[in-house]
Amino acid sequence: MKYNFKVGQVAYINYSKKRLIIPVKVIEQIVRKTEHEELVDWNLLTPDKSELLCSDLGDPIYSTLEEAKVAL
Numbered sequence: 202m203k204y205n206f207k208v209g210q211v212a213y214i215n216y217s218k219k220r221l222i223i224p225v226k227v228i229e230q231i232v233r234k235t236e237h238e239e240l241v242d243w244n245l246l247t248p249d250k251s252e253l254l255c256s257d258l259g260d261p262i263y264s265t266l267e268e269a270k271v272a273l
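When the count follows this note's numbering, it moves up by one through the sequence shown with no breaks and lands on 273 for the last residue.
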């Protein structure tokens, strides 16, 4: 899935194993350009202050709480 977040934005992870919606803050945009493509990733901060890479998550991320609720 392709995301387009802004640094500082709050996004929501739909944690499907426990049927929870977890808010995360987008704290960094990582852009990697190669000869053939441009890869964009996002560093996310969880409520317990741990950092996650968006690309490492198996669960979907939503820009708004309403989108996350509908998917839950």
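What the hints contain is simulated information worked out from the structure, not anything from laboratory work. Heads up, some of the hints might be wrong.
[Claimed, not checked] Label pairs and their computed distance ranges (CB to CB):
| # | residue 1 | residue 2 | range |
| --- | --- | --- | --- |
| 1 | 237 | 216 | 25 to 35 angstroms |
| 2 | 266 | 237 | 34 to 44 angstroms |
| 3 | 266 | 235 | 30 to 40 angstroms |
| 4 | 234 | 208 | 16 to 26 angstroms |
| 5 | 244 | 222 | 11 to 21 angstroms |
[Said to hold, decoys possible] Calculated pairs, DSBU-like style, for lysine-lysine (alpha carbon to alpha carbon, straight line, at most 35 angstroms):
| # | residue 1 | residue 2 |
| --- | --- | --- |
| 6 | 218 | 234 |
| 7 | 270 | 203 |
| 8 | 250 | 226 |
| 9 | 250 | 234 |
| 10 | 226 | 203 |
| 11 | 218 | 203 |
| 12 | 270 | 250 |
| 13 | 219 | 207 |
| 14 | 207 | 270 |
| 15 | 218 | 270 |
| 16 | 234 | 203 |
| 17 | 219 | 270 |
| 18 | 207 | 250 |
| 19 | 219 | 250 |
| 20 | 270 | 226 |
| 21 | 219 | 203 |
| 22 | 207 | 218 |
| 23 | 226 | 207 |
| 24 | 203 | 250 |
| 25 | 207 | 234 |
| 26 | 218 | 250 |
Glycine included, every Cβ here is placed at the ideal spot set by N, Cα and C.
We went through each hint and held it up to the structure:
1. At about 34 angstroms, the CB distance of residue 237 to residue 216 agrees with the hint of 25 to 35 angstroms.
2. Checked against the hint of 34 to 44 angstroms, the C-beta distance between residue 266 and residue 237 comes to roughly 37 angstroms, which is consistent with it.
3. Under the hint 30 to 40 angstroms, the C-beta atoms of residue 266 and residue 235, about 35 angstroms apart, fit the expected range.
4. Distance hint for residue 234 and residue 208: a CB-CB separation of about 18 angstroms, consistent with the stated range 16 to 26 angstroms.
5. The given range of 11 to 21 angstroms is respected by residue 244 and residue 222, whose C-beta atoms sit roughly 20 angstroms from each other.
6. About 34 angstroms separates the Cα atoms of residue 218 and residue 234, which keeps this hinted pair within 35 angstroms; it holds.
7. Distance restraint check for residue 270 and residue 203: the Cα-Cα separation of roughly 20 angstroms lies within the 35 angstroms cut-off, and the hinted pair is therefore satisfied.
8. The suggested pairing of residue 250 with residue 226 holds, with an alpha-carbon distance near 10 angstroms, which does not exceed 35 angstroms.
9. Distance hint between residue 250 and residue 234 is fulfilled; the C-alpha atoms sit about 29 angstroms from each other, no more than 35 angstroms.
10. Under the criterion of a C-alpha separation no larger than 35 angstroms, the hint pairing residue 226 with residue 203 is consistent with the structure, at around 17 angstroms.
11. In summary, the hint linking residue 218 to residue 203 is supported, as the alpha carbons are separated by about 22 angstroms, within the 35 angstroms threshold.
12. Taking the CA atoms of residue 270 and residue 250, the gap is about 23 angstroms. The hint holds against a cut of 35 angstroms.
13. For the proposed pair residue 219 and residue 207, the alpha carbon gap of about 27 angstroms is at most 35 angstroms, so the pair holds.
14. Annotation: proposed proximity of residue 207 to residue 270 holds, straight-line Cα distance about 21 angstroms (limit 35 angstroms).
15. With a CA separation close to 15 angstroms, the supplied pair residue 218 and residue 270 stays within the 35 angstroms bound.
16. Our distance criterion of 35 angstroms between C-alpha atoms is met by residue 234 and residue 203, whose separation comes to about 16 angstroms.
17. Between the alpha carbons of residue 219 and residue 270 the distance comes to roughly 14 angstroms, so the proposed pair stays at or under 35 angstroms and holds.
18. Annotation: proposed proximity of residue 207 to residue 250 holds, straight-line Cα distance about 19 angstroms (limit 35 angstroms).
19. A threshold of 35 angstroms between alpha carbons decides the hint, and for residue 219 with residue 250 the separation of about 20 angstroms falls inside it, so the pair holds.
20. Taken as a hint, the residue 270 and residue 226 pair is honoured in the structure, with Cα atoms around 18 angstroms apart against an allowance of 35 angstroms.
21. At most 35 angstroms may separate the alpha-carbon atoms for a hinted pair to count; residue 219 and residue 203 meet this at roughly 24 angstroms.
22. With a CA separation close to 27 angstroms, the supplied pair residue 207 and residue 218 stays within the 35 angstroms bound.
23. Between residue 226 and residue 207 the CA atoms are separated by roughly 10 angstroms; this keeps the pair inside 35 angstroms, and the hint holds.
24. For the given pair, residue 203 sits about 25 angstroms from residue 250 by alpha-carbon distance, which is consistent with the 35 angstroms threshold.
25. For the suggested pair residue 207 and residue 234, the alpha carbons sit about 19 angstroms apart, so the restraint of at most 35 angstroms is met.
26. Pair hint residue 218 plus residue 250 holds up; C-alpha atoms about 21 angstroms apart against a cutoff of 35 angstroms.
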